[in-house]
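The numbering of the sequence shown is the numbering used here, which starts it at 3 and goes up by one.
Simulated from the structure, these hints should not be mistaken for lab results.
Here are the in silico distance ranges between beta carbons for each label pair: (1) Pro469 with Ser279: 38 to 44 Å; (2) Asp359 with Glu110: 17 to 23 Å; (3) Arg165 with Gln278: 28 to 34 Å; (4) Arg96 with Val467: 57 to 63 Å.
Within a straight-line C-alpha distance of at most 25 Å, the following computed BS3-like cross-link-like pairs (lysine-lysine) qualify: (5) Lys140 with Lys93; (6) Lys285 with Lys191; (7) Lys140 with Lys285; (8) Lys191 with Lys273; (9) Lys99 with Lys140; (10) Lys378 with Lys285; (11) Lys32 with Lys73; (12) Lys93 with Lys73; (13) Lys273 with Lys285; (14) Lys99 with Lys73; (15) Lys32 with Lys93; (16) Lys191 with Lys73; (17) Lys427 with Lys285; (18) Lys273 with Lys378.
Glycine included, each C-beta is placed from N, C-alpha and C at the ideal position.
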Amino acid sequence: MRRLLSCVLLLGSSLLATGRDYVITDYGAKSDTTVLSTAALQQCIDRCSADGGGRVVVPAGQYKIGTILLKSNVHLHLELGATLYGSTSLKDYRRVKSSYQSLRTHTETIQLVYADSVDHVVIDGYGTIDGQGRVFPKLSWNDEGITRPHLLRFIQSRNIVVRDITLKNSGCWMQHYLACDRLRISGIKVVNRNNYNNDALDLDGCHDVVVTDVIADSDDDGITLKSTSPRLCEDITIQNCIVSSHCNAVKLGTETNGGFRNITIRGIVVKPSSDQSSQFFGKPIGTSALSLEIVDGGTMEQVSVSDMTVTGTESPIFVRLGHRGRGWTFSKSGAEAFVSQSVSGGNEGATQSQKPDSIETVGRMRGIYIDNIRVKDAGRYGCSITGLPGHPVEDVHVSNVSISYRGGVSADELPAIRQAVKDEKAAEYPEATMWGPLPAKGFFVRHGRSVHLDNVEVYPTGHDVRPLFVREDAE
Numbered sequence: 003m004r005r006l007l008s009c010v011l012l013l014g015s016s017l018l019a020t021g022r023d024y025v026i027t028d029y030g031a032k033s034d035t036t037v038l039s040t041a042a043l044q045q046c047i048d049r050c051s052a053d054g055g056g057r058v059v060v061p062a063g064q065y066k067i068g069t070i071l072l073k074s075n076v077h078l079h080l081e082l083g084a085t086l087y088g089s090t091s092l093k094d095y096r097r098v099k100s101s102y103q104s105l106r107t108h109t110e111t112i113q114l115v116y117a118d119s120v121d122h123v124v125i126d127g128y129g130t131i132d133g134q135g136r137v138f139p140k141l142s143w144n145d146e147g148i149t150r151p152h153l154l155r156f157i158q159s160r161n162i163v164v165r166d167i168t169l170k171n172s173g174c175w176m177q178h179y180l181a182c183d184r185l186r187i188s189g190i191k192v193v194n195r196n197n198y199n200n201d202a203l204d205l206d207g208c209h210d211v212v213v214t215d216v217i218a219d220s221d222d223d224g225i226t227l228k229s230t231s232p233r234l235c236e237d238i239t240i241q242n243c244i245v246s247s248h249c250n251a252v253k254l255g256t257e258t259n260g261g262f263r264n265i266t267i268r269g270i271v272v273k274p275s276s277d278q279s280s281q282f283f284g285k286p287i288g289t290s291a292l293s294l295e296i297v298d299g300g301t302m303e304q305v306s307v308s309d310m311t312v313t314g315t316e317s318p319i320f321v322r323l324g325h326r327g328r329g330w331t332f333s334k335s336g337a338e339a340f341v342s343q344s345v346s347g348g349n350e351g352a353t354q355s356q357k358p359d360s361i362e363t364v365g366r367m368r369g370i371y372i373d374n375i376r377v378k379d380a381g382r383y384g385c386s387i388t389g390l391p392g393h394p395v396e397d398v399h400v401s402n403v404s405i406s407y408r409g410g411v412s413a414d415e416l417p418a419i420r421q422a423v424k425d426e427k428a429a430e431y432p433e434a435t436m437w438g439p440l441p442a443k444g445f446f447v448r449h450g451r452s453v454h455l456d457n458v459e460v461y462p463t464g465h466d467v468r469p470l471f472v473r474e475d476a477e
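The task is simple: from the sequences and hints, build the whole structure.
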């Protein structure tokens with residue numbers, strides 16, 4: 003039976019490879035960035051899908067495109083030396099509206115490469131997709147996908163493979179996978195530090211995902227799990243990746259409407275970027291290596307993080323149960339008003355017109371295991387595990403952690419530090435540095451139950467008067 007199952011799986015994974023090749027230059031694409039090859043590439047994809055599937059080949063060369071729509075059973079292959087450049091003009095991007103009912107906004111959005119409700123799609127090869135996203139200015143707090151295109155977006159799709167390619171310079175998030183099942187991402191390189199909201203990878207309400215051997219360098223968060231709808235992120239493994247970020251290298255949150263369950267993260271290297279020429283968010287050495295957050299309702303349970311090697315980050319480990327309470331829907335009229343204002347170049351009143359529903363219920367965090375974390379050259383903030391009064395973080399196990407950090411907190415600073423953390427900041431955006439330096443040089447634990455710290459060592463490089471651990475309403 004096991005041999006039969008293996009054969010079936012191998013057969014399923016090779017179906018796309020057995021189809022014929024559809025070469026985009028045969029459909030009129032030009033290796034010339036002064037002309038658009040969008041129509042030629044789309045025609046090639048459409049023909050491939052209509053014929054039952056196959057491989058759409060991008061030969062070595064430089065091609066300029068606007069929005070392309072991927073379809074089922076299409077294998078988009080970029081040969082070595084091939085680059086797809088995103089157009090720098092918004093008029094070349096198609097506005098699309100998904101049928102997925104749990105989208106945070108109910109409006110049309112723009113992407114460079116887009117797929118909705120597709121099955122069996124592969125993007126691979128040793129070529130590059132470059133969004134040239136620096137040219138799209140940030141117009142308002144929530145203009146991602148409105149006037150700044152995502153580079154790659156999959157919605158409610160299944161059996162998706164993205165491997166080996168290089169992704170660069172998105173207008174906002176690099177990759178957004180929303181409500182997708184059976185997703186495999188491996189061997190890709192991501193460079194995304196040319197604009198605001200430049201995440202490297204966002205998995206949003208996805209199930210059955212494996213991410214491996216990814217090298218990511220982003221201004222905003224690196225590898226991020228989100229739950230912007232009631233659908234949980236569930237059964238996800240992330241391993242053997244190298245991540246650089248000015249913000250959070252690995253993060254569960256900030257949006258947490260559904261939550262996270264059965265998440266395994268292991269073998270991650272976190273380090274500062276070698277390119278510090280620009281910074282839009284965060285800290286030069288990064289805000290955190292690991293942030294685990296529930297702030298919009300939802301539940302986090304059975305999360306295992308192990309074998310991380312970290313250089314830098316101001317506050318390496320941040321575990322936070324808060325109550326921002328942001329819901330998953332916006333009013334349609336508000337979203338439409340925002341689009342109108344953004345396209346016309348104005349943003350006055352946009353933040354007022356697009357307010358989300360609120361969630362009254364505080365979420366829950368339990369069953370978190372963090373083991374074998376080695377940190378050097380960290381900042382002086384310290385680490386934290388914090389819940390809220392009456393809503394503790396539960397069943398947290400932190401073991402075999404070694405942190406070498408800058409230190410340097412004097413006795414004169416302690417009163418102000420202790421005063422700062424008295425504010426619970428329940429509804430504020432969760433960030434590892436939200437209170438400033440913490441009362442503990444190791445771990446500040448507040449509103450926790452069954453929190454276990456075992457073999458935790460902290461080594462300041464400068465004199466630091468803070469205790470190793472501080473606990474408040476915690477056991």
